[in-house]
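> Single-letter residue listing:
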Amino acid sequence: MTVAAGVGYALIALGPAFSLFTGVIAKKPFLVLTLLSSTLFWLISLIVISGIWRGFLPVKSGAWWPYVLLILTSVMFQEGIRLVFWRLYKKVEEMLDAFADRISKPRLSLTDKMLISLTGGLGHGLAHAVFFCLSLLTPAFGRATFYVERCSRMPFFLVSAIISLGFLLIHTFSMIIAFNGYGERKKSDQIFVPVVHLIAAVMTLINLAPGGCLIGTPLLCVMAAVTLQYSWRMVEQRLTEQQHRQFNS
Amino acid sequence: MDPAADSPAPAATSTASTILDTLGEEVLAVMSPVSICMALVVLLISILSPPSSPASPSAPPPVTAATLVYLESPSDSPGQKLVGALLDAAVFVALVAVVTFVLVALYYYRCTGFLKNYMRFSAFFVLFSMGGAIAITILRRLDVPLDAPTALLLLFNASAVGVLSVFASAVPILVRQGYMVTLAVIVAAWLSRLPEWTTWIMLVALAVYDLVAVLAPRGPLRMLVELASSRDDELPALIYESRPTVGPAERSSSYAPAMWSEEMQLPADSARSGVNQYERAGQQDNLGSAMVEMRDLGGSRSRVHQTTSSSGSMLQMGNLEAGQISNQGGSAQHAVIQIEQPEEEERAPLVSAASANSAVANEEHRQISSSDPPDEDFEMFESSKGIKLGLGDFVFYSVLVGRAAMYDLMTVYACYLAIIAGLGCTLILLSICRHALPALPISIMLGVVFYFLTRLLMEPFVVGASTNLVMF
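Those sequence lines, one after another, are chains A and B. For the first sequence, full-length UniProt numbering gives the first residue as 1, with consecutive numbering after it. For the second sequence, full-length UniProt numbering gives the first residue as 1, with consecutive numbering after it.
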């Protein structure tokens with residue numbers, strides 16, 4: 001395992017994010033700024049969580065209930081952070097609309113708003129992938145690989161890359177769903193997001209069991225696919241609705 | 001959020017561009033070179049450090065002005081290290097202050113020719129000797145064979161072009177920006193070899209000094225800036241100019257040559273037309289200081305090889321000081337103008353009520369336009385619009401990130417985000433109060449805080465969770 005392996009793992013985790021970035025975000029400077037601030041936001045939330053948990057670490061090996069608590073608190077905290085992020089976004093949106101009025105340009109369209117929420121989600125997912133996977137990947141560029149005791153069939157780097165990919169997709173697209181839910185005040189969307197996040201996080205607990213990563217990782221990918229599908233349906237519906245309205249008016 | 005308001009928008013959007021397309025272009029034009037610079041420094045450090053980390057007899061911490069008083073050794077107690085690092089930082093900042101005052105004095109007595117040539121010399125020195133040393137190390141590390149004459153020839157040519165591009169007007173802006181970033185990378189790579197404690201204390205001290213020197217009533221940098229603006233003259237200095245950028249390439253690249261030529265035709269001193277561009281663009285920024293800084297570092301290197309004589313270190317200090325100056329002055333006042341510029345564009349055809357916000361921009365606009373023919377007006381405005389950042393800011397941001405890279409990648413990402421956030425805050429402040437602001441303090445403080453938070457709090461948590469494959 002050498003540089004090729006390291007690059008490969010990095011691409012597994014970040015490939016989709018990279019293509020989203022170059023294809024959609026890099027062309028619009030404002031979206032890049034949104035991406036940066038969203039990443040920073042997630043980093044701050046992670047630092048706060050780890051600050052709270054710092055006193056209880058390291059967890060004794062063999063005990064699994066601390067991890068359950070950790071997952072529960074972290075997911076709850078992050079969903080709270082998402083609400084704060086939404087508030088901030090609303091403020092920015094008002095400012096942008098006022099600015100657009102002043103220079104007599106069109107206000108933000110529906111697709112613009114969706115782009116912003118996509119970017120915000122990608123920022124969260126990117127930060128997740130960077131801190132949980134990419135920063136541990138440096139040894140993979142060397143001459144060996146690494147197995148965790150509980151998961152002896154797959155290299156650790158591969159597992160963490162796949163998990164990061166799953167969470168990247170979940171974070172990215174659940175942000176679209178959540179923003180849409182908040183904007184339209186749709187309860188089902190608002191509940192869907194934390195539930196998916198929680199289920200996905202709980203699924204990583206399966207990895208604690210010996211050999212569990214062979215089950216947990218594919219299940220996580222399924223959750224990512226579900227999120228993708230849900231977000232796709234929702235966006236399609238919104239866009240057709242809007243076309244109709246435009247057509248009628 | 002009301003749907004009724006939304007619906008008319010998309011129809012217009014399909015043809016007209018939304019504000020998402022252009023908003024933030026100028027900010028990004030500053031942030032992307034800073035990011036590139038930091039990424040290169042991190043890459044350089046990670047290429048150079050791993051194999052030699054256990055036994056690196058060839059690269060002991062360099063004896064520079066920053067380690068005059070105390071040279072850290074791993075066996076010292078934390079208390080010793082702290083006191084030593086504090087002393088180092090105090091001496092360093094004092095030297096920088098002295099050099100800055102010398103520069104101000106030189107500028108006050110109009111020794112601009114000397115300053116400019118000094119700047120050229122230092123750019124050459126940095127590129128040739130320090131850049132050369134780094135290039136040799138890289139070649140060695142990668143086992144690339146290259147004969148000495150070829151290497152020398154290439155290096156000399158690259159340095160010569162670098163010196164030309166820094167001060168001559170005819171060089172494409174992309175080349176100039178590239179050399180600016182290269183200079184910053186080289187200096188930062190040298191500086192990041194300072195011992196750990198000294199680095200941190202020095203960064204904080206520099207940020208504080210930057211704050212004082214730019215904002216205090218008699219701060220040297222502020223005096224320099226005011227002197228330059230009262231003379232309507234420019235300082236030869238190294239400043240990264242964002243305006244004709246890589247980012248908005250289509251527009252700016254076509255503009256760039258025109259702007260340069262116009263500037264050269266301006267009534268400014270004919271002899272200094274090349275420098276004038278810089279001065280004009282960054283009227284109140286201390287352009288020269290970054291260059292000086294670069295030079296200092298180079299000087300310090302060479303001195304290390306000789307045996308650091310005290311005078312040599314003084315010079316180095318002076319150089320560093322200059323760098324600081326550039327940092328402070330680097331953040332130009334043009335951010336406001338940039339932000340308001342869209343308005344300006346819109347209003348020009350409409351001639352409708354000028355908003356109170358843009359009144360300021362208009363004044364600036366008029367000042368510039370008063371000396372120029374009307375049709376050049378817009379372009380001059382455009383040319384004065386770019387955000388300017390001293391090369392010193394590039395250097396010290398990169399030093400911070402480079403120092404973080406010696407610990408872990410996680411701290412690198414955290415510091416990068418913190419620095420960029422600090423830069424963003426500085427730019428926002430810049431658009432509120434319209435004079436030159438120090439770009440170091442907010443970014444450096446945030447960067448240092450995030451480094452230690454990440455290292456002390458986050459890393460054990462994240463590593464503990466992810467090695468158990470528990471994520472959320």
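Hints should not be assumed to be uniformly reliable.
Heads up, incomplete: computed chain A residues facing chain B, CB under 10 Å, no partners named [to be verified]: (1) Trp53; (2) Ile71; (3) Gln78; (4) Leu96; (5) His128; (6) Cys133; (7) Cys151; (8) Ser152; (9) Ser164; (10) Thr204.
Partial chain B-side listing against chain A, Cβ under 10 Å, derived [said to hold, decoys possible]: (11) Leu20; (12) Glu25; (13) Leu146; (14) Ala148; (15) Pro149.
Hints in this document: simulated from the structure, not taken from any laboratory. Bear in mind the structure is a predicted one, so any value in this text is a computation, not a measurement. Idealized CB from N, CA, C, for every residue including glycine.
> A closest beta-carbon separation below 10 Å is what the hint needs, so does Cys133(A) meet it against chain B?
7 Å, holds
> Quick check on the hint: Leu146(B) CB to chain A CB, less than 10 Å?
23 Å, violated
> Return the status of the interface hint for Gln78(A): holds when the least beta-carbon distance to chain B is below 10 Å, violated otherwise.
7 Å, holds
> Holds or violated: the hint that Leu20(B) contacts chain A, with Cβ atoms closer than 10 Å.
Interface hint status for Leu20(B): holds (5 Å vs cutoff 10 Å).
> Tell me if the interface restraint on Ala148(B) is satisfied: Cβ within less than 10 Å of some Cβ in chain A.
30 Å, violated
> Checking hints one by one. Is Ser152(A) an interface residue toward chain B, by the C-beta closer than 10 Å rule?
With a closest approach of 12 Å, the Ser152(A) hint is violated.
> Can Ile71(A) be said to touch chain B, with a Cβ gap under 10 Å?
This interface hint holds because 5 Å falls under the 10 Å limit.
> When the nearest CB of chain B is found for Cys151(A), is that gap smaller than 10 Å?
7 Å, holds
> Taking the closest Cβ pair, is Trp53(A) under 10 Å from chain B?
6 Å, holds
> Please verify that hint: Ser164(A), Cβ, nearest Cβ of chain B, below 10 Å or not.
This hint holds: Ser164(A) lies near chain B, its Cβ roughly 8 Å from the closest one there, short of 10 Å.
> Double-check His128(A) for me: the hint is only fine if its C-beta lies closer than 10 Å to a C-beta in chain B.
8 Å, holds
> For the restraint on Leu96(A), tell me whether the closest CB of chain B is nearer than 10 Å.
6 Å, holds
In the structure shown, a violation is registered for the earlier hints numbered 8, 13, 14 and 15, in ascending order.
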